[in-house]
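Chemist: The listed protein sequences correspond, in order, to chains Z and A.
Each residue of the first sequence is one higher than the one before, starting from 1 at the first, in the numbering used here.
Each residue of the second sequence is one higher than the one before, starting from 1 at the first, in the numbering used here.
If you're looking for bench data, these hints aren't it; they were derived computationally from the structure.
Careful, some of the hints might be misleading.
What the hints assert, rightly or not - With a straight-line cut-off of 20 Å between C-alpha atoms, the simulated PhoX-like cross-links for lysine-lysine are:
#, chain 1, residue 1, chain 2, residue 2
1, Z, 165, Z, 145
2, A, 232, A, 248
3, A, 199, A, 232
4, Z, 190, Z, 168
5, Z, 117, Z, 91
6, A, 47, A, 57
7, A, 169, A, 248
8, A, 248, A, 199
9, A, 199, Z, 190
10, A, 169, A, 47
11, Z, 208, A, 169
12, A, 232, Z, 168
13, A, 169, A, 232
14, A, 232, Z, 208
15, A, 169, Z, 203
Residue strings, one per chain:
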Amino acid sequence: MSPREVRLSTTPTPEAIADLRLGDVVYLDGLMYTAREGVYMRALEDRANIPMELPAQSAANFHCSPAARINPDGSFDMGAVTATASFRFAKWLPEWMEKTGAKLIVGKGGMSSKDYKSYFVPNGAVYLSTVGYGTGALLGRGVEKVEAVHWNAELGLAQAMWVIKCNKMGPFIVASDLNGDCLFERENAKIAENVARVYEGTKPAVLKRYGESDDRTDEVI
Amino acid sequence: MIPTHLIQSTAETLMDKAAIEIPQDYLDGLQAAAATEDGDLSSFVLKAMLENYEAAKEDRRAMCGDTGVPRWFVKMGNEARVEGGMVALEAALRRATANATNGVPLRPNRVHPLWRTDHDNNVGIGAPEIEYGFEPEGEWVDLITVHKGGLFGTDYRMLFPSDGIQGIKRFYLDSLMAFGKRGLACQPAIIGIGLGGSKDICMTLGKRASTLRIVGSRNSDPKIAEMEDEFKELGNSIGMGAMGFVGKNMVIDCNIEVGYCHTGGMPMSVHAFCLSSRRAVARIHADGRVEHRTDPDWFTPYQRRETVEWEPVREAAE
């Protein structure tokens, strides 16, 4: 069975978000901006003014640094686009969502259901995961143009805030819903049934490590 | 004498090829995996990846937005001579890395670990890494670039002889479980295992096992080759596929490399070379010919030698 395909605006209506189901494949239209640790620190810790009207212009935050260049004439060349792992931005996301009204957090690997329930759902937001991970060329094709690059001088190309215009950009996979359910945790639970069998006959290392979980159904993020 | 400009221009071509063209051996492995995969979501992911490789080649754009941390392995025949010496060769590789970062374009991933300074060209302190190997004969230089991405999928542990094969298996599984969930390791991957050496060399062995050996290759020690087969199957029996979704394909291949270690220990490292297993190789001959390939052919009998002297020809004659 193939997953269901959905076209979604980067300024989605509450109804469109409510309609999304775990495992749906999404293609995005509209403006999306990249923001990761550099942007979060500058906007939230250094209190710099965010150089966009959010969420009016975009409610989609991409955890991404593109493979791109700024040409001497100021134009942009965007090559491949993929996401970076999102779990490590949990520190900043609640405040970011409150401040910017982001409804779509787009990245790699999702967050925990605890994150979803505590600040995604109350903000009416869901998580979209990139596919692969590494469909960088396919996602690059979905970038109609680069609208702007903010904070390049302060943060460098990789951490700058890239504003891109998406035209059927995808595929992305819906990894959380408005119940706060988590696609990855659902899959983990199915795989957990096998763990004891796979480990059969192996034995713990003679030298232990501090602070580790020995439960293979746990996640380490 | 191999001219510096030829080294630089070849290196720039390699940077481009590595970023854009998935090596055939990995592609064959992934296609075989896609044919057997029956998990709904993981099948969808593999299909999207196969389309992605095509899109990258058609558009001549990088296959993944995380273009990794470009690095170089230089292998030289014993009689090879480079114009300007090795300092000139290193300068040529650094220039090629910087030029290709802007040219392809690649993502300027390299930053200072503390100050996060980004030169926007993937060049900095210790970057790109340049490592060397030598072969007993030949006037050629092999340039190998590897664009390994990913912050996940790699781990090291000091095991001991009493841990045995079962301890090795367990740490291997632990690494796949820890980094396979949510697909942090960007599997299905070429898993490289380093066994032995000192701690740093153990990591190096594992990294090279994943990046410098191709899918389908086997260690020259038949017992280690058997372990490679067994570990591949073990990894694929977890029930975890691409992105950590339910599936059958986590390991495209498992390569193991060993080095002699301290008598009391059995250090082990695990590395995952991801869905964008990017490597490109060229041999530059003394007469200026350049031959491109994707097999680094790093682990030759000379690289794995065990004896004090290297005299295979004489030994064979006796």
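Chemist: All hints are to be evaluated individually against the structure, with a verdict given for each.
Modeler: Hint check:
1. Z/165 - Z/145: Holds, because 5 Å separates the two Cα atoms, which is no more than 20 Å.
2. A/232 - A/248: Distance of about 11 Å is within 20 Å: holds.
3. A/199 - A/232: violated, 24 Å
4. Z/190 - Z/168: violated, 32 Å
5. Z/117 - Z/91: At roughly 15 Å apart (the allowed maximum being 20 Å), residue 91 of chain Z and residue 117 of chain Z satisfy the hint.
6. A/47 - A/57: holds, 16 Å
7. A/169 - A/248: holds, 18 Å
8. A/248 - A/199: Status violated; Cα separation ~32 Å.
9. A/199 - Z/190: violated, 36 Å
10. A/169 - A/47: violated, 30 Å
11. Z/208 - A/169: holds, 16 Å
12. A/232 - Z/168: Not satisfied, since the Cα-Cα distance of roughly 37 Å exceeds 20 Å.
13. A/169 - A/232: holds, 11 Å
14. A/232 - Z/208: violated, 26 Å
15. A/169 - Z/203: It holds: about 9 Å lies between the C-alpha atoms, which stays within 20 Å.
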